[in-house]
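In order, the protein sequence lines correspond to chains Z and D. The first sequence begins at 686 in my numbering and counts up by one. The second sequence begins at 4 in my numbering and counts up by one.
Since the hints were derived computationally from the structure, they do not count as laboratory data. All residues carry an ideal CB built from backbone N, CA and C; glycine is no exception. Each hint should be verified, as a subset may be incorrect.
What the hints assert, rightly or not - Taking lysine to any residue and the SDA-like style, the derived pairs with C-alpha atoms no more than 25 Å apart in a straight line are:
1. 39(D) x 18(D)
2. 73(D) x 744(Z)
3. 73(D) x 726(Z)
4. 73(D) x 785(Z)
5. 698(Z) x 735(Z)
6. 70(D) x 116(D)
7. 39(D) x 756(Z)
8. 39(D) x 788(Z)
9. 39(D) x 698(Z)
10. 39(D) x 773(Z)
11. 73(D) x 709(Z)
12. 742(Z) x 48(D)
13. 39(D) x 791(Z)
14. 73(D) x 43(D)
15. 698(Z) x 43(D)
16. 73(D) x 698(Z)
17. 39(D) x 116(D)
18. 39(D) x 794(Z)
19. 70(D) x 60(D)
20. 39(D) x 789(Z)
21. 742(Z) x 800(Z)
22. 742(Z) x 26(D)
23. 698(Z) x 785(Z)
24. 742(Z) x 53(D)
25. 39(D) x 712(Z)
As the list claims (entries may be wrong) - Just some of the chain Z residues that point at chain D, by a computed CB distance under 7 Å:
26. 693
27. 695
28. 727
29. 728
30. 730
31. 775
32. 789
33. 794
34. 795
As the list claims (entries may be wrong) - Beta-carbon label-pair distances, calculated as ranges:
35. 42(D) x 692(Z): 17 to 27 Å
36. 692(Z) x 41(D): 14 to 24 Å
37. 767(Z) x 57(D): 42 to 52 Å
38. 764(Z) x 57(D): 41 to 51 Å
39. 14(D) x 723(Z): 20 to 30 Å
40. 22(D) x 698(Z): 34 to 44 Å
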Amino acid sequence: KAGVTQTPRYLIKTRGQQVTLSCSPISGHRSVSWYQQTPGQGLQFLFEYFSETQRNKGNFPGRFSGRQFSNSRSEMNVSTLELGDSALYLCASSLGLGHQPDSPLHFGNGTRLTVT
Amino acid sequence: GEDVEQSLFLSVREGDSSVINCTYTDSSSTYLYWYKQEPGAGLQLLTYIFSNMDMKQDQRLTVLLNKKDKHLSLRIADTQTGDSAIYFCAERAGTGGSYIPTFGRGTSLIVHP
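Only chain D is shown next, with the shape it has when bound in the complex (with noise of 0.2 Å):
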């Protein structure tokens, strides 16, 4: 079955780069996802990258996806204490329109001043 897992844990210092990793199951992946969620909030769409893309840059977030070992990583760069929350890689998976999301359990990101 799907599987989706990620590290629980991110320490950080303000200034430098993130960088949080993910790895995933299911090879008909065709879209992959990064969330981020605030305290007291739901998630919010940070980026995807579609599965024949290895790489996808959005201002200072970059995702890389190593496709070949189901690896996805989501870099942030300039890391600041604004981007403090959990950090969700989720896959959307399945075929004939019938397809089950499935989210890593998160990973905390801690930036420190």
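Pulled out of the complex, with its shape left as it was, chain Z reads as follows (with noise of 0.2 Å):
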């Protein structure tokens, strides 16, 4: 079974600019969670998506959005860049809500992002 898929893996941008990046979940998860890893903050929860629609949220701005589609890919959108954007942006999948144990979080290797 193929493992989670995030693209791109590296990605430049300068500030302004907007990014979407994209995360495929093992085949038959259907709930999406993206985290942002920085060296100052560590690992910071964005939000959770299931069945399409955002269930969680973290504490992040209003530039920072998702979405998810009926095959359970998700998308993450993050508009105006800022330099403290730059960052690891890891997506993890699981086969239902809420980070149980007997559906545990399967991490994608992340996409980094870079502004300038």
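Starting from the two chains in their separate frames, assemble the complex, guided by the hints.
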């Protein structure tokens, strides 16, 4: 079974631009979560989608948005990029909602975003 | 609010035991997890413990939970160079179907031959 796939692997953007990151979950997984990882803040939860609906949201500004498609694939969008948005963005999929032990998170290898 | 804290670095000699510690603040935590992140990769779930347990063993891994002190530890027996990675403690807290998973900042484990 293929793992969680994130594209692109690396991205360089300039301030003010917008970016879209893509995540393909493991086949059969219906939940997709997004995380931002930085050396200073660690791993911060962005949001979780399940059955095309955002079910949980972290404490990020409205510039960060996402969506999930009927095939469970998800995209994350960041508009009006700032230097502080430079980070590793991780996507995780799971069978169900809610980070339950019987439905653990499976992470992709991330998209490294650099904003200059 | 929720907060999970870990020490940033741990250095051990190959063959010794490693103990990685974590403290959390949210008493409503129901599950606590340990994840491992190798360079250039995402996080991989190692093990978890339910909040009504105080110990769980899984091969070389032992998880200890002190719920009173909100302290979680991960012990790796016979540590190998392949165990060098960043280890994250995480909690699942919240009620009513709404939760925010909270991760510690990670402990970098360095294993010397």
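Right, here's what the structure says about each hint:
For a cut-off of 25 Å, the pair hint linking residue 39(D) to residue 18(D) stands: about 19 Å separates their Cα positions. Taking the CA atoms of residue 73(D) and residue 744(Z), the gap is near 24 Å; set against the 25 Å cutoff, the hint holds. Proximity of residue 73(D) to residue 726(Z) is assessed by CA-CA distance (about 21 Å); at most 25 Å being required, the pair is judged to hold. As the CA atoms of residue 73(D) and residue 785(Z) are separated by approximately 20 Å, the hinted pair is consistent with the 25 Å bound.
Taking the CA atoms of residue 698(Z) and residue 735(Z), the gap is about 29 Å. The hint is violated against a cut of 25 Å. Of the pairs offered as hints, the one joining residue 70(D) and residue 116(D) is violated, with about 35 Å between alpha carbons and a cut-off of 25 Å exceeded. Among the hinted pairs, residue 39(D) with residue 756(Z) is inconsistent with the structure: their alpha-carbon atoms are about 28 Å apart, more than 25 Å. Distance hint between residue 39(D) and residue 788(Z) is fulfilled; the C-alpha atoms sit about 17 Å from each other, no more than 25 Å.
With a C-alpha separation of about 29 Å, the suggested pair residue 39(D) and residue 698(Z) falls outside the 25 Å cut-off, and the hint is violated. Between the alpha carbons of residue 39(D) and residue 773(Z) the distance comes to roughly 16 Å, so the proposed pair stays at or under 25 Å and holds. A threshold of 25 Å between alpha carbons decides the hint, and for residue 73(D) with residue 709(Z) the separation of about 36 Å lies outside it, so the pair is violated. Our distance criterion of 25 Å between C-alpha atoms is met by residue 742(Z) and residue 48(D), whose separation comes to about 22 Å.
Restraint check: the Cα-Cα separation between residue 39(D) and residue 791(Z) comes to about 12 Å, which is no more than 25 Å; the hinted pair holds. Annotation: proposed proximity of residue 73(D) to residue 43(D) is violated, straight-line Cα distance about 31 Å (limit 25 Å). At roughly 20 Å between alpha-carbon atoms, residue 698(Z) and residue 43(D) fall within 25 Å of each other, so this suggested pair holds. With a C-alpha separation of about 41 Å, the suggested pair residue 73(D) and residue 698(Z) falls outside the 25 Å cut-off, and the hint is violated.
Between residue 39(D) and residue 116(D) the alpha-carbon distance is near 20 Å, which keeps this suggested pair within the 25 Å criterion. Using a Cα cut-off of 25 Å, the hinted pair residue 39(D) and residue 794(Z) holds, with the two alpha carbons roughly 13 Å apart. Using a Cα cut-off of 25 Å, the hinted pair residue 70(D) and residue 60(D) holds, with the two alpha carbons roughly 17 Å apart. Taken as a hint, the residue 39(D) and residue 789(Z) pair is honoured in the structure, with Cα atoms around 13 Å apart against an allowance of 25 Å.
A threshold of 25 Å between alpha carbons decides the hint, and for residue 742(Z) with residue 800(Z) the separation of about 23 Å falls inside it, so the pair holds. Note on residue 742(Z) and residue 26(D): the hinted pairing holds, with a Cα-Cα distance of about 24 Å set against a maximum of 25 Å. Taking the CA atoms of residue 698(Z) and residue 785(Z), the gap is about 35 Å. The hint is violated against a cut of 25 Å. Among the hinted pairs, residue 742(Z) with residue 53(D) is consistent with the structure: their alpha-carbon atoms are about 24 Å apart, no more than 25 Å.
Proposed proximity of residue 39(D) and residue 712(Z) is supported: the alpha carbons are some 23 Å apart, at most 25 Å. With 7 Å as the threshold, the beta carbon of residue 693(Z) stays out of range of chain D, its nearest partner Cβ sitting at about 14 Å, so the hint is violated. Nearest Cβ of chain D to the Cβ of residue 695(Z): about 11 Å, over the 7 Å cut. The hint is violated. At a threshold of 7 Å, the smallest CB-CB gap from residue 727(Z) to chain D is about 4 Å, leaving the interface hint in force.
With a cut of 7 Å, the hint placing residue 728(Z) at the interface with chain D holds, because the nearest CB-to-CB distance is about 4 Å. Annotation: interface hint on residue 730(Z) holds; nearest CB of chain D at approximately 5 Å, less than 7 Å. Annotation: residue 775(Z) was flagged as interfacial toward chain D, and the flag holds, the nearest CB pair being 5 Å apart, inside 7 Å. At a threshold of 7 Å, the smallest CB-CB gap from residue 789(Z) to chain D is about 5 Å, leaving the interface hint in force.
For residue 794(Z), the suggested interface contact is upheld, since its CB lies about 5 Å from the closest CB of chain D, less than 7 Å. Given hint, residue 795(Z) at the interface with chain D, holds; its Cβ is 6 Å from that chain's nearest Cβ, closer than 7 Å. Range check, residue 42(D) to residue 692(Z): Cβ separation about 20 Å, and the 17 to 27 Å hint holds. Taking 14 to 24 Å as the suggested C-beta distance range, the pair residue 692(Z) and residue 41(D) conforms, at roughly 20 Å.
For residue 767(Z) and residue 57(D), the Cβ-Cβ distance of about 44 Å falls inside the hinted range of 42 to 52 Å, so the restraint holds. At roughly 47 Å, the beta carbons of residue 764(Z) and residue 57(D) sit within the given window of 41 to 51 Å. The beta-carbon spacing between residue 14(D) and residue 723(Z), approximately 24 Å, falls within the hinted interval of 20 to 30 Å. Under the hint 34 to 44 Å, the C-beta atoms of residue 22(D) and residue 698(Z), about 41 Å apart, fit the expected range.
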